[in-house]
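Work out the full structure, taking the sequences as your base and the hints as a guide.
Now for the letters of each chain:
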Amino acid sequence: MAGGHTPAALPPISEWIAIGARPADPRRPARPDDPARRTNVSTVSEPVSLSAPRGADAGLTPKQLADKYGLTVSGRRPGLFAYSKQLWARRHFIWAFATARLVAQYTDAKLGQIWQVVTPLLNCAVFYLVFGEILSNKDDNPYYVAWLCIGVFIFQFTQNAVQSGTRAIADNLGLIRALHFPRASLPIAFTVIQLQQLLISMVVLFAVVLLNGVEPGRTWILVVPALVLQSMFNTGVALIFARIGAKTSDISQLIPFAMRAWLFLSGVMYSISDKIKEWPEFWQKVMELNPASVYIDLVRHALAPIIYNKHQAQFLEFPPHQWKYGIAWGVGMLVIGYVFFWKAEEEYGRG
Amino acid sequence: MADTDLRGTDLAKGVADTRPRRKVFDADVAREPTVVVDDVHIVYRVHGAGSGKGSATSALSRIISRKRGSGVREVHAVKGVSFTAYKGEAIGLIGSNGSGKSTMLAAIAGLLPTEKGGIYTNGQPSLLGVNAALMNELTGERNVVLGCLAMGMAPADVKRRYQDIVDFSGINEKGDFISLPMRTYSSGMGARLRFAIAAAKTHDVLLIDEALATGDQAFQKRSKRRIEQLREEAGTVFLVSHDNASIRETCERTIWIEAGELIMDGPTEEVVRRYERGERP
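Taken in sequence, the protein lines are chains A and B.
Mapping of the first sequence onto my numbering: position 81 corresponds to residue 73, and the numbering continues sequentially without gaps.
Each position in the second sequence, counted from 1, maps to that position plus 3 in my numbering.
Keep in mind the hints are simulated off the structure, nothing from the lab.
Even glycine gets a Cβ: it sits at the ideal position worked out from N, Cα and C.
Accuracy of the hints is not assured; some may be wrong.
Said to hold, decoys possible - Okay, derived cross-link-like pairs now, SDA-like style, lysine to any residue, Cα gap no bigger than 25 Å in a straight line:
1. B:K224 <-> B:R164
2. B:K119 <-> A:S76
3. A:K335 <-> A:S76
4. B:K162 <-> B:M138
5. B:K204 <-> A:R68
6. A:K55 <-> B:T117
7. A:K55 <-> B:I266
8. A:K239 <-> B:L63
9. A:K335 <-> B:K119
10. B:K82 <-> B:H245
11. B:K204 <-> B:A157
12. B:K119 <-> A:T53
13. A:K77 <-> B:H245
14. B:K204 <-> A:R69
15. B:K162 <-> A:H84
16. A:K102 <-> A:H84
17. A:K239 <-> B:K119
What the hints assert, rightly or not - Calculated from the model, a selection of chain B residues having no Cβ within reach of chain A, i.e. all distances over 12 Å:
18. H79
19. R164
20. D167
21. V169
22. G173
23. D179
24. S190
25. F222
26. K227
27. E231
28. E235
29. S249
30. D268
31. R280
Unchecked claim - Ranges of calculated distance between the beta carbons of each label pair, as one might list FRET restraints:
32. A:S244 <-> B:K177: 41 to 47 Å
33. A:V65 <-> B:G101: 24 to 30 Å
34. B:R163 <-> A:K77: 42 to 48 Å
Next up, the structure:
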């Protein structure tokens, strides 16, 4: 027999309700030896509403009960492997979210999606006007326009990834507080948005490069691995800044200044290698390792190798080891950023 | 009493209770818990509150004088609530505004950390609602897909369910509205589509925060039926609402929370009656 039933006097209904609801000791809302719970009530509707475990589980504390049925702590951070698996399962959401965001961006504009192409074109026009015509950097480089546009587009890819990564958590608190998904989906989705935007810009870029008199060649295929590496780097950086930005929203005020400094130090508008020849060796090395200039150099070298051709009247030096640096930055940053972001997974959207 | 102790030791050894149970005595059969809330405290920390003045100079002087903490205020939203929910139950949460009901739901969903105590759940409880994932600039069509993916459905499932969701929402009853951006919908139409998307997925533990009773009469009827269905498919349903009628209709058990404390936990009829009269036990 499952329970030592001593059919005690049946208490009135109102009483067992009161017993069940007794808030005095919330850890044990009803004692296992409560007569109310032991009686063979058949005339009264079943008292399902009581919290206390019954039958074989009677007398267990909530913690023991949870352990017995294998309940897990709600909202605990999964292991790195399980997390990656969850993230992979959400890949369709990441892609759909990124595409939706990109489309939604221009729905209010009359020209609509045309802006996706026009915006980068205008960007190049402004930079060309200032650095090509007014400051006339183009004199010693016949392919200056192509050289400049590649630099601008590639740098903006990283710049936008950092900026949108910083706001990825803060701007989507509603989503985070309503739904369960690996939070890394958000910074990754925002990097995907930037990548989609870059791919549209690339169409413009190819046109600009061709119009500038650069002949297409087999090296163009190298653009693909270069962009893959840069995307990995950007994802890692976006993840890192997403975690920092989620905790310290002040950082988003500082990012624009840091980005502008980085832009001028990366040799986007002018060749930086001539200007730093006098610098101490340590700083020269640091400048050489600058990931932004590494990726810019890689794409420039792939799209317009003629700029670096030693048989030309004017040519630029293509720094050695750029591919190695590019791979190291891409893989390293992605791993570091991913782990760094995952470490705080359960804290996003709280507090 | 001795009998109880004996069973306790059985459990401690991890021995399954294989003794035959008398099913007639329903009250004595062990039920499968789905949510265990064990003496939970939840504290919100609000930054930028307190000390009144938010001007730049006062902020600067705070930084210089290194007076920290003055900008942080703590709100003790839930104070030591305990209860256990079992499979097949529909539980209503009632209480006045700001009593901590929604906080409790968010904590069960694992979206808020507990200060003290623990919340143990079977699987991943989900809040019913996808509003945050939807984008007003996009067409209803795209939003259906996006919302379903956000809830973790596979693309194949989304394709299969798509027509059901659109039909259920009734958006296309008066013409092809689903291919228009959601910002062009009336508020009722938007609410209907959001509910239709959110209700498309079944969950082990479903948490509903006042999502019922949107839209017109016909749609209300339909959504009530859908909630019933979700209840049957889900292990456990929690419903937060100020609409006592819908609590009475949906839930057989109700928990009354006031100022973060559990006032009463019992059959809906009794608890809601007392709540309406303001009689605390």
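How the hints compare with the structure:
no., hint, verdict
1, B:K224 <-> B:R164, "holds (21 Å)"
2, B:K119 <-> A:S76, "violated (29 Å)"
3, A:K335 <-> A:S76, "holds (13 Å)"
4, B:K162 <-> B:M138, "holds (19 Å)"
5, B:K204 <-> A:R68, "holds (23 Å)"
6, A:K55 <-> B:T117, "holds (15 Å)"
7, A:K55 <-> B:I266, "holds (22 Å)"
8, A:K239 <-> B:L63, "holds (20 Å)"
9, A:K335 <-> B:K119, "holds (21 Å)"
10, B:K82 <-> B:H245, "holds (21 Å)"
11, B:K204 <-> B:A157, "holds (11 Å)"
12, B:K119 <-> A:T53, "holds (16 Å)"
13, A:K77 <-> B:H245, "violated (39 Å)"
14, B:K204 <-> A:R69, "holds (23 Å)"
15, B:K162 <-> A:H84, "holds (13 Å)"
16, A:K102 <-> A:H84, "violated (30 Å)"
17, A:K239 <-> B:K119, "holds (22 Å)"
18, H79, "holds (14 Å)"
19, R164, "holds (14 Å)"
20, D167, "holds (19 Å)"
21, V169, "holds (17 Å)"
22, G173, "holds (24 Å)"
23, D179, "holds (18 Å)"
24, S190, "holds (18 Å)"
25, F222, "holds (22 Å)"
26, K227, "holds (21 Å)"
27, E231, "holds (17 Å)"
28, E235, "holds (16 Å)"
29, S249, "holds (18 Å)"
30, D268, "violated (5 Å)"
31, R280, "holds (14 Å)"
32, A:S244 <-> B:K177: 41 to 47 Å, "holds (44 Å)"
33, A:V65 <-> B:G101: 24 to 30 Å, "holds (27 Å)"
34, B:R163 <-> A:K77: 42 to 48 Å, "violated (24 Å)"
Hint compliance for this structure: hints 2, 13, 16, 30 and 34 are not met, and every other hint is.
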